[in-house]
Each structure stands twice: as C-alpha cells, then as structure tokens.
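Chains as they are written, first to last, in our numbering: chain C, 1 to 417; chain G, 418 to 705.
If you are wondering where the hints come from, they were derived from the structure by calculation, not from laboratory data. For each residue, glycine too, the CB sits at the ideal point set by N, CA and C. Treat the hints with care, as some may be off.
Claimed, not checked - Covered, in the sense of this in silico footprint (three residues per stretch, anywhere, with C-beta under 8 Å from a C-beta of chain G), are these stretches of chain C:
1) 85–99
2) 240–248
3) 257–268
What the hints assert, rightly or not - To give a feel for the contact side, a few chain G residues facing chain C, derived at Cβ under 10 Å:
4) 419
5) 544
6) 547
7) 599
8) 602
9) 630
10) 637
11) 639
12) 678
13) 680
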Amino acid sequence: MKKDRKASVASTSAVSQVLTKRQGRREFLIKTGGVLAAGAFGAVPLRGWAADPVNIGALYPTTGSMAQIGVGCVAAAKLAVEMVNDAGGIKSLGGAKLNLILSDVQSDTTVTRTETDRLITGNKLSAIHGCYASALTLIASEVAERAKVPLITGSSSDQLNKGRTYTFTPFARASQFARAQLQMAKLVSDKPKVAVIFENTAFGTSTSNGLRELAPAEGVEIVMFEPYSAGFTDASPLINKVKSSGANALFSVSYLNDLILIVRTIKQVGLNIAINGGSGGFVIPDFYKNVGKLAEGLQGVAHWNHDMDPNCEKVNAEYKKRTGEFLFEYAGGLVAQTFMIADALERAGSADPQKVRDALSTLDVSSGFAAMAPGGKVKFGPDGKNVYGHPVGVQWQNGDLASVFPKEDARAPLLKT
Amino acid sequence: MWETVAQAVINGLLIGGIYALVSIGVTLIFGVVKIVNFAQGEFVMIGMYISFFLANQFGIDPLVSLIVSMPVLFVVGVLIQHFLIRRVLGPNDMPQIFLTFALSLLLLNLALMLFSANYRTVHTSYSDEAFHIGGLYIPVAKLIAFVVAMLLSGALWVFLHTTDLGKAMRAAAQNRDVATLMGINPNRMFCVALGIALALAGAAGSLLMPFYSAYPFVGQVFVLMAFVAVVMGTLGNVIGALIASLLMGVAESLGIQYVGADSGLIVVFAMLLLTLAFKPTGLGGKAR
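Next up, chain C with everything else stripped away, as it sits in the complex (with noise of 0.2 Å):
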C-alpha cells in the first residue's frame, strides 16, 4: 500500500511537471485528484440505496509461468460476475452485486499461501474461486478450510477431496482422467492396442502407471509402454517402435515439444494411428497456435468444454468477443462455478461464508449456468466431488476442441484419422 502511493505520487509529479507549461499546477491537480480519487473510491453510483455487494474471491496466477491461463481466467471471472449482476444480482439478497476481489498468485506456492491469507483477512469473503493448478489450489484450500470459507475450483488433485469441508470440486478428478482416455480407445477400435510413451520423470511416469493399471479393468491391450527422455533431437526412432508394436492408438503423456515432433514424424511416417495428448496444456487455444494444421483429429480429455450445451456456447461466444478465443476447460469451469456460488447464495439468504458454503453442500442443480459442466448435473457429495462428475472426450476438429465422448457429451462424432 505505502509503496503504492509514493508509486502515484512519483508519476502524478512528473507528469505536471509536463504539463505545468500549458496549465496550471492548480488546475492540474484538481483534474488528477479526482480522477484518483475516482479510481480509489470506485466511480460507481452510490449505492446506499441497494443491498451491499458480496465479496467474492478469485485467485489466479496473472504473472509468473501460467500468466497465461490465468489471464484468461481472470477474464472469465469478470464475464460471469457481470453476467450474475446483469441478471438482477442475489434476489435473496435485495438484488444485492457480486464484487469481484481478484488476487495474482504468481504461479508460486509461497506467494499463494500469503495472498490467499491476505485475501481472506483483508475482505468479508463469502467465498472464493482458484487457482487453476492443483499445486496452487491445494495450498490455497488449506488456508480456506482454517479461515472457515468455502473455496470452490477446477483443479483436479484428488487430495482437494480428503479430509475438506469447505472445498468444494464440481468437475472430474485426476483420477477419472485415464479411465475417459482408454475409454475413448474404443472408440477408435473395438480391439484397442494402446501404445503408450512418456517423459521418463514424475509426470509421465505417474499418468502413464494410471494408465497400465485401469487398462486390463477397460478391456484396453497395452501393446507398448515406454519411457523416453524429454528434450530429445529426434522422435523417429521413437515412432519407429510405435510403428512395430501394432498399435492402433497412441497415449503420448509429453511435454509441448516433444508432441510436435512425435506429431509431425508420425505424419512423415505416414502412420495411421488415433493420438490421445491427455489434458492440461493439450486443450487451450495455444496448443493449435503452436501446433497447426497437425493437431487436426488429434484426442484429448477435459473437464470441461464449451460446447457442451446452449449455455456454454452462450458464454463461449461472449469470451471469444472479447478476448478472440474460445472459452477453455477451465475458465469455461470458473464460469460455471461462480453461478453455483450464486445459486447458493441466493439459497442460503446470507453473505455469510459458514451459510453459503452450507447451501453451497447441497447445491443440487441440472439446468441454467450453474449446470454447466459434463453431464449437466452438479450435487456435491460429503467430499465435495461432485456426484456426477466426469470429464469430457474432445477432439480438435478445423481448429477448434469438439466434445466426442462419452455419448451423452458428444456434440460431433469422433473422426477416426
């Protein structure tokens, strides 16, 4: 805060001092005090008359590694705020506004722990929205479950669901993921011999052992299970392997750079083979801008997508007026979840944080914006999963990610090139 003024104060003097050669000192400051003061007070109407607002927070990593998710998670945030107050605000409440409170948690865990403290003791919190990584998340819900407010988010770390009575996860969970991808297997064959390749430290390891272990239970044959080290000049031979397996699908778990070599080899090659790139960075508009015409057909899985129903393209549409892309799996989420706080708010007649996320556990809803998510139904169980929770299939088809699986999701059929 301190630093903040003498921040304004540094820019206000240099900037008259620029000015002073055409106006006056005097005049200058009355127009930039009020500007600032504008800007600090909030130039809104006054709102004595309507209800107070209730405070909701929303942390995302704005700056660091993820900034740029998290920008768009932040614009996602604001749409669907104002898509509530639009529709008349918490009628409960004497049509009171939702406040957005937006805090940057830098994509790190330390500074995610003191801003969430921050955000919770500087504001009457009703309940909170974040942070898009599980690790971030995780950090985040235990500062929530001590200060008693309800957190609710997309990450999709099963531990948010052990031993947690205000964290609240409307969307499908870590686990749920390789089961959706050998699933989608089938689609592709009814033999499905599955070859799968990953980066050989934590992260392809872990998700390709989930992989081996639910494939017998889906009746999905592993022809091929190899580690490869990431960053490698040449993924020929690689594919080469893939090419004598036999396989008719392939699970890459990869970071960006080696799936853009694998892509374009198995293209060379002139392999036909169906390839799953899992979640996270595989499903946001940068994966194609980087990727290109490559990524045509290529499967993925999501906990959310914005085709899934008329109001999801509804607000699909709006985002993509104002930031040029489509709504991805986890700002479209963060939308949805701020109508489920909404929805609980209006229930529990209160801002009270204790209240909403009371009403926020028996939140029960299967239409409106609230029911945004796979399957269209939400209703928390006693770990705050959701009960109907699953992912979604999706394929990216002429450049944009089509929800194909499971059935009652799909909004285009799966192209089997």
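Following the hints, complete the assembly by docking chain G onto the known chain C.
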C-alpha cells in the same frame, strides 16, 4: 526386421548430419585457436531464432535464411575472437574456459529474457513430407538438412586443403610461432576460424528450423552430442568429427530402437568409453 534396422540407420545418419555441423565448428576452433568453445550450442540457437524471425516476419523459408544466418554469425565470430578471446589467449587455460562458459550463460539468459521460454516452430510446405521407398521413409526436411550439411563440410575441407588462406590457417594451428615467422598473422587466422565455426553453427540452426522447435535451451541438446563427437573423432580433426557425428547419430537411433527410448544416449556414451579405452587419441588418429 531388416527394414526396422535400415530405418533406424537412416534416421541416425540424417540427425548425425546436424550433429556434424555443430561438432565441426567446435573441433575447428579447438584445432586452430586451441580453446574449447562452450557457447557453440548457443550460436545454433541464435541461428534458429534468426531463421524463425525471418520466416515469421517476412515469410522467408528457413533454408533460404541460411544466407543470412551464416554471414551474420561469421561476423559475430570474428568480433568475439577480436574483442574477447584474443585477450585471454595465453599459457593459462582457465580464463578461456570461463570466457566461453560465461558467453554461453549470457546468451542463454538473454534469449530467455528476449524471446521467453516458449517453443517456436516454423511450418514449411515440406516440413511433414517424406519420400517413401518400399517400407522406408526419408523426411524431406531432414534430407535437405543432411545434404546441405555434407556440402558445407566438404566445402570446408576443400577450403582448408587447397586455398592459401586455408593452408595458412592449418599452419597457424600446427605451430603458431613458425607460422608467424612465415609471415602469417595468427590472430587473423583465428578470427577466420571463429567466423567459420560460428557460421556452421548458424547453418545448423537454419537447417534445423523446418523440423525442430527453437527455444533458449535448444543449443544444450546439440552441444552435448558435439562434444562427444569431437572427442571421439580426435580433437581438432574435422573429418574425424564428421565421421564420429554420423556414427553417434546411428548409435543413438539403434539404441532407442533396441535398448529403450530413454537409453539412446547410453549407447552413445558407451561408444565414447570404448573409444577412449582402446584408441585414446580418438578415431581420427591425429589432429588435421
């Protein structure tokens, strides 16, 4: 069976061509100036970014931008020799090691600052194409890279063995003092050697761009292979480095095929160990 082996050998030879360009640069600098250039990989990275930006801004094909990246890096090499390396040439090796290592760190972090850690790819019409012969395939972009790499290596050999400047350079490499007595300015020779070595790194960068992503750490991937090739092919021996690079490419490829996708490098290093154990001077015999 034979098809799999043949394909693995083809893949290895093609990538070996790129390793060769990098390692020839390292070995040339070592042979002539007697320093180890730890920053060679970063110049490959600079070559890639030059090609990337020319392709991205002006739509110039990465293979055409070779005629930009090579001269630019040649000049950079001459300047580095003249203003930096010349000052640390002396009986003590340490300052030279520190200098090139510092240069590597500086360039790497500069690239991180300017270009961020994102992967940049250039998509050309031939990026995903391949010639199919029987059950085998040869990717077009890699074949072009290989052919150009071999042509450049050949041109360098001809230059070193037939032109006066090349002969003078080899003379300065063999014995600096005697060369000076014969009227050769060694510093001039060193400048040319650095220039040529960096131009080759730039060429490697441009040739890689149609099928590999540019990112700040990309040089590290190639420089490791280059150092192994340089040692295996006898320090300072251009032909040795070339042959060792191709061998290593093939060894890596066969290793991935028959040992495991994360053990390609194990085969390469096993080869290096065997070479050092049985022929400690390297496969090339002596520096030439």
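Hints, verified against the model:
Look at the segment 85–99 of chain C against chain G: 0 of its residues bring a Cβ nearer than 8 Å to a Cβ of that chain, fewer than three, so the hint is violated. With 3 residues having a Cβ less than 8 Å from any Cβ of chain G, the segment 240–248 of chain C passes the three-residue criterion, so the hint holds. For the segment 257–268 of chain C, the proposed coverage by chain G is satisfied: 7 residues have a C-beta within less than 8 Å of a C-beta in that chain, meeting the threshold of three. Using the Cβ-Cβ criterion of 10 Å, the hint placing residue 419 (chain G) at the interface with chain C is not satisfied: the shortest such distance is roughly 12 Å.
The interface hint given for residue 544 (chain G) is met, as the beta carbon of that residue sits about 7 Å from the closest beta carbon of chain C, less than 10 Å. For residue 547 (chain G), the interface hint holds, the least distance from its beta-carbon to any beta-carbon of chain C being 4 Å, beneath 10 Å. For residue 599 (chain G), the interface hint is violated, since its Cβ never comes within 10 Å of a Cβ in chain C; the closest pair sits about 42 Å apart. Nearest Cβ of chain C to the Cβ of residue 602 (chain G): about 39 Å, over the 10 Å cut. The hint is violated.
Interface restraint check: residue 630 (chain G) against chain C, minimum CB-CB distance 5 Å, threshold 10 Å, status holds. Against a cut-off of 10 Å between C-beta atoms, the interface hint on residue 637 (chain G) holds, since the closest Cβ of chain C lies about 9 Å away. A cut of 10 Å between beta carbons decides the hint on residue 639 (chain G): the least distance to chain C is about 7 Å, and the hint holds. Proximity of residue 678 (chain G) to chain C holds as hinted, the smallest CB-CB distance being about 4 Å (cut-off 10 Å).
Look at residue 680 (chain G): its Cβ gets to within about 8 Å of chain C, closer than 10 Å, so that hint holds up.
The structure is inconsistent with the numbered hints 1, 4, 7, 8, although it conforms to all the rest.
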